[in-house]
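2 protein chains.
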Amino acid sequence: MSRFNEYFLMKTEDVIDYVRDKLNIFPDNAQLSCVEIGDGNLNYVFRVEDVETNKSIIVKQAGVTARISDEFKLSPDRNRIETEVLILQGELAPGLVPQVILLDNTMSCCVMEDLRDYTIMRQALISHEVFPKFADHITTFLANTLLLTSDVVMDHKEKKKLVVNYINPELCEISEDLVYTEPFNDINNRNELFEANKSWIIENIYKDDALRLEAAKLKFEFMTNTESLIHGDLHTGSIFINKESTKVIDPEFAFYGPMGYDIGNVIANLIFAWVNADATINDEHKKAEYKDWLEKTIISVIDLFSNKFLDLWKINVNDKLAKENGFDRWYLNRVIQDTAGVAGLELSRRIIGLAKVKDITSIEDINKRVKAERICLSVAKDYIKNRSDFREGNDFIQALNNAERLFK
Amino acid sequence: MSRFNEYFLMKTEDVIDYVRDKLNIFPDNAQLSCVEIGDGNLNYVFRVEDVETNKSIIVKQAGVTARISDEFKLSPDRNRIETEVLILQGELAPGLVPQVILLDNTMSCCVMEDLRDYTIMRQALISHEVFPKFADHITTFLANTLLLTSDVVMDHKEKKKLVVNYINPELCEISEDLVYTEPFNDINNRNELFEANKSWIIENIYKDDALRLEAAKLKFEFMTNTESLIHGDLHTGSIFINKESTKVIDPEFAFYGPMGYDIGNVIANLIFAWVNADATINDEHKKAEYKDWLEKTIISVIDLFSNKFLDLWKINVNDKLAKENGFDRWYLNRVIQDTAGVAGLELSRRIIGLAKVKDITSIEDINKRVKAERICLSVAKDYIKNRSDFREGNDFIQALNNAERLFK
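For the protein sequence lines, the chains are A and B, in the order given.
The first sequence begins at 1 in our numbering and counts up by one.
The second sequence begins at 1 in our numbering and counts up by one.
If you're looking for bench data, these hints aren't it; they were derived computationally from the structure.
It is possible that part of the hints are untrue.
If several chains are the same, the list does not tell them apart, and a pair holds so long as it fits within one copy or across any two.
Result set (BS3-like, lysine-lysine): computed pairs, CA atoms no more than 27 angstroms apart in a straight line [stated by the list, open to error]:
#, residue 1, residue 2
1, Lys323, Lys207
2, Lys358, Lys287
3, Lys217, Lys385
4, Lys408, Lys314
5, Lys314, Lys358
6, Lys217, Lys291
7, Lys243, Lys314
8, Lys161, Lys11
9, Lys358, Lys320
10, Lys11, Lys198
11, Lys247, Lys385
12, Lys323, Lys368
13, Lys314, Lys287
This is chain A alone, in the form it adopts within the complex (with noise of 0.2 angstroms):
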């Protein structure tokens, strides 16, 4: 009897066990190694290749409690929805997710495609690369598997089955702590405030009651609007990518969600590449370069996003009403909207919140620390006040472009 048909942690010796055991893709003879090269929050993530032939492939498990804090208790019921969300998507959106090869719900873990020629994007990001088909690339992502899984296209009664399938309480239950909830509350919070910014974050963030009451309006929003089959964390640390592919990975998180969540956090990390190289490139040619191409890829996002959303609606639309003219663009027009909220929600928990981002952290400079925390949070708080007013990719930037001036 299989030592894998009870769930354990498994160290990098069982890991080759478990390849040999439940694959057939290495030789028999096959001299294999094994590291563990995970540093995400909740996951253990191995790779295991053929010495001989550098042939590698990806083995992630999932443990019993977050790797952050063992304050988290999680059932290793994420990896099923991560598994099974990888390979819908891959359906959704053709070679934009890496390929699966096994989901084994009872040692919570599943064997995939190693992307060893991608990096991971925030990293890239913070070297300062460009990725000129990253906008495409996402969009497409974003577009189809968003609009695809919703009641717009696919069969009611079908797609009630999968808001049930992938009900995902306890990751919910994070975000609606760490995003929604602490970032904007001086009381019960995780929040690890930036000393040199602590009193600026307090008189501007925790007591604006008008910005918390609206981040209650979009947490209510995110609890019960089951629009579409989201990610559920689509920031830079989730997207592996090169100049020519992007692979979105890591959709743990993903529920029946609103659609503008996974776009707006596309959006607010984005900023944080953009405030990181504001900060930390010294030629100026360079720095406004690089800043040129962030903008652009943001507009990008929004516009290329809402292109293909609109072009995908026309061919797949099914529910009768929803043919109706004008509906389209109105609904539309409301996932822009949710998206700057969204946006907005990311950019403020990343820099108050207990999970921060290393395009801030890693600015030494304290003042630019400052001025980079102080730009995302002001740009934060007008896309989730003002969201109603926000159409289209030139509107999220003009609004990049007005917080950068406030503090010249």
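Starting from the known structure of chain A, fit chain B onto it as the hints suggest.
This is chain B only, laid out in the frame that chain A set:
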């Protein structure tokens, strides 16, 4: 072995055996009678009575097709949903639903309290009876069952479990088609227009593109907003009533949907009673008096609901952000807007669509029925298109009085 270990559709003799087999509430030697008294669309309702003592109970069994048409094939899982919801609503709103004695998922059947001292409210309103306590009772039912099952009050993870438990794809599809889609579309529908109103409806409803666009928005709200565990079919045929007491029955359409759906159904069906009274009471003084009571009741349903909702909120709110100053009012306003929209949908579909109400169909005078239908449809258009203007009970009555003046 009991012959009730596998599902079959019971006849009256079977039901007597069933009650003896499953329950110990009648003496062994009691002589039991059984009659089928169901007049709904989907189920079989039996009264089992001890001939000597007149003690009685109700046995309700779900069939596999709707009684109204074999075209609707329905999973008998709706019996589980209905009964579990009755039990939960009985805890949240004590005394306002019938008491459940037995839930049997094998036979898709439940046994419950017999409400012999009650009449179906629709019938009583057509007989122009008044129920001074109705508004108080129904608003307690609405505020308690809706707010206490929402994310405002419930633990968010527990609430998500209820969303899954009460997913109800088949019965939701009936509402999506019959309430939201078909009444506003002249293609592929099962609508049945009253001949004398046919051209008026084609002109004023089918040709109103803006109306259909608003119906589309409301339809997607219905399909995606998992706000509260709603009854889902709260018309006056789902209410048993007498002077002292009100019991809401038949929650087989229950699922997590928008609060306004239930409240809007109550309002629309009171308006059906109003146009019925307008058309059928000959004594002008009595007519005015009865319409006045109905108008006051409609106002009270909105305003008492609002007061109870805000009071309950204060005591029970658990979500940290929902405690934010002003959020309760903002939330309530949205519920009342939804209420107006749904009231308009119900007013439309009962006149245009497949499932009629007796309040309208029992009006014998053709001209009076024409007028009654036009008042309802004019109010409906106002409620749907201008729903964001509706705040208080009085707003709902003003719209009704405006429509009345149009057809003086």
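So, going through the hints one by one against the coordinates:
Taking the shortest Cα distances, lysine 323 and lysine 207 sit within 27 angstroms of each other only across copies (15 angstroms), while inside one copy they are farther apart (44 angstroms). With identical chains, the CA atoms of lysine 358 and lysine 287 are at most 27 angstroms apart within one copy only, with a shortest distance of 18 angstroms there and 73 angstroms across copies. Taking the shortest Cα distances, lysine 217 and lysine 385 sit within 27 angstroms of each other both inside one copy (11 angstroms) and across copies (23 angstroms). Within a single copy, lysine 408 and lysine 314 get their C-alpha atoms no closer than 45 angstroms, and across copies no closer than 45 angstroms, so neither meets the 27 angstroms cut-off.
When the C-alpha separation of lysine 314 and lysine 358 is checked against a cutoff of 27 angstroms, the pair qualifies neither within a copy, at 40 angstroms, nor between copies, at 41 angstroms. For a Cα distance limit of 27 angstroms, the shortest separation of lysine 217 from lysine 291 qualifies neither inside one copy, at 32 angstroms, nor across copies, at 39 angstroms. For the identical chains of this complex, lysine 243 and lysine 314 are neighbours neither inside a copy (31 angstroms) nor across copies (55 angstroms), given an alpha-carbon limit of 27 angstroms. In the homo-oligomer, the alpha carbons of lysine 161 and lysine 11 never lie at most 27 angstroms apart, since the shortest distance is 36 angstroms inside one protomer and 34 angstroms across protomers.
Neither within a single protomer nor between protomers do lysine 358 and lysine 320 lie at most 27 angstroms apart by alpha-carbon distance, with minima of 46 angstroms and 29 angstroms respectively. In this assembly of identical chains, lysine 11 and lysine 198 lie within 27 angstroms of each other by CA distance neither inside one copy nor across copies; the values are 41 angstroms within and 74 angstroms between. With identical chains, the CA atoms of lysine 247 and lysine 385 are never at most 27 angstroms apart, being 32 angstroms at best within one copy and 44 angstroms at best between copies. Taking the shortest Cα distances, lysine 323 and lysine 368 never come within 27 angstroms of each other, neither inside one copy (50 angstroms) nor across copies (36 angstroms).
Taking the shortest alpha-carbon separations for lysine 314 and lysine 287, neither the intra-copy value of 40 angstroms nor the inter-copy value of 52 angstroms comes in at or below 27 angstroms.
Violated hints for the displayed structure, listed by number in ascending order: 4, 5, 6, 7, 8, 9, 10, 11, 12 and 13.
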